[in-house]
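As you go down the protein sequences, you meet chains D and H in turn.
For the first sequence, the numbering used here begins at 1 and goes up steadily by one.
For the second sequence, the numbering used here begins at 1 and goes up steadily by one.
Among the clues, some could well be false.
[To be verified] In silico DSS-like links for lysine-lysine, alpha-carbon gap of 27 Å or less:
(1) 42/H with 11/D
(2) 69/H with 49/H
(3) 83/D with 62/D
(4) 78/D with 44/D
(5) 44/D with 49/H
(6) 62/D with 11/D
(7) 15/D with 62/D
(8) 71/D with 44/D
(9) 83/D with 15/D
(10) 68/H with 49/H
(11) 42/H with 78/D
(12) 83/D with 11/D
(13) 44/D with 83/D
(14) 78/D with 11/D
(15) 83/D with 42/H
(16) 44/D with 42/H
(17) 44/D with 68/H
(18) 44/D with 69/H
(19) 15/D with 78/D
(20) 69/H with 58/H
(21) 44/D with 15/D
[What the hints assert, rightly or not] With the Cβ distance kept under 7 Å, some of the chain D side facing chain H (calculated, not the full set):
(22) 41
(23) 42
(24) 43
(25) 45
(26) 102
(27) 103
(28) 104
Just so you know, the hints here were simulated from the structure itself, not pulled from any lab data.
The C-beta atom is built at its ideal place from N, Cα and C for all residues, glycine as well.
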Amino acid sequence: EAGVAQSPRYKIIEKRQSVAFWCNPISGHATLYWYQQILGQGPKLLIQFQNNGVVDDSQLPKDRFSAERLKGVDSTLKIQPAKLEDSAVYLCASSPRYEQFFGPGTRLTVL
Amino acid sequence: AQSVTQLDSHVSVSEGTPVLLRCNYSSSYSPSLFWYVQHPNKGLQLLLKYTSAATLVKGINGFEAEFKKSETSFHLTKPSAHMSDAAEYFCVVTMGSARQLTFGSGTQLTVLP
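Extracted from the complex, chain D is given alone in its bound form:
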């Protein structure tokens, strides 16, 4: 069974630039999550989708972050404009019901 795929694996941008991350969940998994993991901390949930609907985006900084999951499969997370404090690993996870399966993450560095 293929795992959760994420791309790119690494991204370096200047502050105030835009960036987008892509996630392809495990086939058949209805729930998709995006997490932000700052160095030295545990992952923090940004947004949760159930199929193509948003379940919870209360911790998503909506002035600069946006996410979508068109057709209830792939998802993209966008940051516009990026700030220095957005430097982190962005993790995508999918779940068929209870257990979450994580992708390798995208490491973002904002200079």
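Once you've looked at the hints, dock chain H against the given chain D.
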């Protein structure tokens, strides 16, 4: 509200000696608890989970954890450390129908030869 506290940010053991990674939780209701492991540049992997069945939970790679409600603890143990166990370990709590995970701050395990 739910939370977990990992009591040690770094733990160092010698290969072949026991491992103990400590976790305390706070939850208003009966929680589900997990331990995840994160190797460098790899995704988080589930080690084991407690979901209100047996209080002693066995996971992969020889790890186990015991749920102690009276102590609000869910410590992770392994009888004998292996070099490949060196990684970051996260204690995680979840509750509610949304099944959202709340992560601890992590414990970095170093295994010395």
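We went through each hint and held it up to the structure:
1. 42/H with 11/D: Given that 27 Å is the threshold and the Cα spacing comes to 16 Å, the pair holds.
2. 69/H with 49/H: holds, 15 Å
3. 83/D with 62/D: holds, 14 Å
4. 78/D with 44/D: holds, 16 Å
5. 44/D with 49/H: holds, 19 Å
6. 62/D with 11/D: With Cα atoms ~21 Å apart, residue 62/D and residue 11/D stay inside 27 Å; holds.
7. 15/D with 62/D: With Cα atoms ~17 Å apart, residue 15/D and residue 62/D stay inside 27 Å; holds.
8. 71/D with 44/D: The given pair, whose Cα atoms are some 25 Å apart, holds under the 27 Å limit.
9. 83/D with 15/D: Within the cut-off at roughly 5 Å; holds.
10. 68/H with 49/H: holds, 14 Å
11. 42/H with 78/D: holds, 22 Å
12. 83/D with 11/D: holds, 14 Å
13. 44/D with 83/D: holds, 18 Å
14. 78/D with 11/D: Holds. Residue 78/D to residue 11/D sits at ~13 Å (cutoff 27 Å).
15. 83/D with 42/H: holds, 25 Å
16. 44/D with 42/H: Holds, because 17 Å separates the two Cα atoms, which is no more than 27 Å.
17. 44/D with 68/H: holds, 26 Å
18. 44/D with 69/H: holds, 25 Å
19. 15/D with 78/D: This hinted pair holds, its Cα atoms lying about 14 Å apart.
20. 69/H with 58/H: Measuring from Cα to Cα gives roughly 17 Å; hence the hint holds.
21. 44/D with 15/D: Measuring from Cα to Cα gives roughly 22 Å; hence the hint holds.
22. 41: holds, 6 Å
23. 42: holds, 3 Å
24. 43: Residue 43/D check passes; min Cβ-Cβ to chain H is 5 Å, inside 7 Å.
25. 45: At 6 Å from the nearest chain H Cβ, residue 45/D passes the 7 Å test, so the hint holds.
26. 102: holds, 4 Å
27. 103: holds, 5 Å
28. 104: holds, 5 Å
Hint check: no violations occur; every hint is consistent with the structure.
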